[in-house]
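Letter by letter, the chains look like this.
Number of protein chains: 2
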Amino acid sequence: MAALSFSQDANGLIPAIAQDYQTGEILMLAYINEESFSLTLETGYATYWSRSRNQLWKKGDTSGHLQIVKEILVDCDKDAVIFKIDQLGGTACHTGKRSCFYRKVDNGELIEYR
Amino acid sequence: MAALSFSQDANGLIPAIAQDYQTGEILMLAYINEESFSLTLETGYATYWSRSRNQLWKKGDTSGHLQIVKEILVDCDKDAVIFKIDQLGGTACHTGKRSCFYRKVDNGELIEYR
Numbered sequence: 777m778a779a780l781s782f783s784q785d786a787n788g789l790i791p792a793i794a795q796d797y798q799t800g801e802i803l804m805l806a807y808i809n810e811e812s813f814s815l816t817l818e819t820g821y822a823t824y825w826s827r828s829r830n831q832l833w834k835k836g837d838t839s840g841h842l843q844i845v846k847e848i849l850v851d852c853d854k855d856a857v858i859f860k861i862d863q864l865g866g867t868a869c870h871t872g873k874r875s876c877f878y879r880k881v882d883n884g885e886l887i888e889y890r
Numbered sequence: 777m778a779a780l781s782f783s784q785d786a787n788g789l790i791p792a793i794a795q796d797y798q799t800g801e802i803l804m805l806a807y808i809n810e811e812s813f814s815l816t817l818e819t820g821y822a823t824y825w826s827r828s829r830n831q832l833w834k835k836g837d838t839s840g841h842l843q844i845v846k847e848i849l850v851d852c853d854k855d856a857v858i859f860k861i862d863q864l865g866g867t868a869c870h871t872g873k874r875s876c877f878y879r880k881v882d883n884g885e886l887i888e889y890r
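Protein chains in written order, with my numbering: chain Y, 777 to 890; chain L, 777 to 890.
Do not rely on the hints blindly, as some may be mistaken.
One copy or any two copies: either way a pair holds, since identical chains are not told apart in the list.
Said to hold, decoys possible - Within a straight-line C-alpha distance of at most 30 Å, the following computed BS3-like cross-link-like pairs (lysine-lysine) qualify: (1) K880 / K860; (2) K873 / K860; (3) K854 / K880; (4) K880 / K834; (5) K873 / K834.
Since the hints were derived computationally from the structure, they do not count as laboratory data.
This is chain Y alone, in the form it adopts within the complex (with noise of 0.2 Å):
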């Protein structure tokens, strides 16, 4: 299987960015181990670690919300990943906005722009 840098330093975890395969969108990043990455790769859908929940957690499994992976890439240090993927439901936040990064800096103060 492809190996990664799943390095204890971080508790063996590592980002994964989700991106929308079609747009190029940034919907969300969140953090993956070796069985996290070995399901997602088994079942096709992203499969991440909750550092929250301390537990596995299949995207979209509660809500219906799952991210079917169409491709993966991996960068030069094995220590990032990202999930090209086509989101279900069209929503990837649990606010309800599609992507987790609805807000942006400006003028040093942070605002929603969508």
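With the hints as your guide, set chain L onto chain Y.
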């Protein structure tokens, strides 16, 4: 100043995704702490924290491949950001590739695709 969640859980670091402001291509992922974020806001150039060198890292300071920050997006938990950038010199990766994400998973193995 825009207050991000620089938790001490991860040595005060959060991930910053550098994304081409025009095409949406993801060029790299690195980390920022509060000081590097402040410097990014002040100077307009992407400044990270190098985990390997354990010091501030103004991207491109030696190579000339500076990143002009056009916009900064912040996620729902305020613990991840996107730097929408103009990549000077066209190259973000230390390998000489435009993007650090030049490999993909193909049948379970890593291959270079660009």
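Self-check item: Structure versus earlier hints, numbers of those that do not hold, lowest first
Solution: none
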